[in-house]
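Novice: Residues per chain, in single letters:
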Amino acid sequence: MAGSAGDGEFGFQIAPMLDILFVLLLFFMVSAGAQKHEASLTTELPGKGGPSGSIPVQIGIDSDGQVNVAGAPLDSPTDSDLPQLVDRLKGVMASNAQQPVVITPTRSTKHQRVVDVLNACAAAQVKNLAFGSPSD
Amino acid sequence: MASLTIKRQRKRKRADTDGDPEFQVAPMVDVLLVLMLFFMAITSTEVLKKDKNLQLADAKHAKPNDQNKQHKNEIVVNVSWDGINSAAHFSMDGIDYPTADSMQGALAHEHAANPAAYVVIRADRDVEYSNISDLMSTCGGAGISTVTFAVLIGGDKNKPTPPGAALN
Chain A
0 MAGSAGDGEF
10 GFQIAPMLDI
20 LFVLLLFFMV
30 SAGAQKHEAS
40 LTTELPGKGG
50 PSGSIPVQIG
60 IDSDGQVNVA
70 GAPLDSPTDS
80 DLPQLVDRLK
90 GVMASNAQQP
100 VVITPTRSTK
110 HQRVVDVLNA
120 CAAAQVKNLA
130 FGSPSD
Chain B
0 MASLTIKRQR
10 KRKRADTDGD
20 PEFQVAPMVD
30 VLLVLMLFFM
40 AITSTEVLKK
50 DKNLQLADAK
60 HAKPNDQNKQ
70 HKNEIVVNVS
80 WDGINSAAHF
90 SMDGIDYPTA
100 DSMQGALAHE
110 HAANPAAYVV
120 IRADRDVEYS
130 NISDLMSTCG
140 GAGISTVTFA
150 VLIGGDKNKP
160 TPPGAALN
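Chains as they are written, first to last, in numbering that gives the first Met the number 0: chain A, 0 to 135; chain B, 0 to 167.
Everything hinted at is true.
Cross-link-like lysine-lysine pairs, in silico, BS3-like; alpha carbons within 27 angstroms at most:
(1) B/K71 / B/K59
(2) B/K59 / A/K126
(3) A/K126 / A/K89
(4) A/K126 / B/K62
(5) A/K89 / B/K62
(6) B/K59 / A/K89
(7) A/K126 / B/K71
It is worth saying that the hints were derived from the structure and are not from the lab.
Just need the whole structure built from these sequences, with the hints factored in.
Specialist: Below is the structure:
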């Protein structure tokens, strides 16, 4: 090393470059592992499609998270999987795949609970989904 | 004599080619660079548009985002929740908006610039629905008819909720 420096020729030092490469690689590997995978639940807002012939299924969500279909409560307010709602919606979709579903949360319902219901609709493959005006 | 020289030359040649394999640094650097590019590519999401302090809602059956999809049609709206004051804060492209209604002008401008644009609502899981409802009404008023909710697939449920959210 001293010899090459003394000779006035600068050789390309590959060892420090490898060190830096390894550190960069480790950094990106670690940050890639900590990454969260985002997904999406899409819905069309009212106003684009015309009214459909069939009466929509009304899903209400209380401020405490209690889900009800046409006034009848389903599942517990803390159950995020909503199995009873999924079964009910699957039954409805089996008879009419285009059956519209309207979700009507209260104004103080938590977004997580709305997403739980949207998730249940996605599991039951609901195609026509809309949001009703929030009830108080 | 001549044959002896040829034999020696052959011997030397074989020593050059059949000798101990040396550690090749150049291919290793190539591989390292490729690996690093790969990890750089998968970590570089659109960080600027997204508020990383939000705790998104979990949904198992959501459609995973296509990594190769162009994000040019997305209008990302972040809705964070201030649990202490029970108030939602809206932001879009790094600009804060006090209410959902105040975003209408900006959303209408985005829609005019790109009619195929749709809104991605990145709302905190504790946001009250009235804020989301207002935001959807604003989107409708701005002419945007498609709304997408950003969620986490199999998100970390064990993560403690922030202190502000516990006060609700």
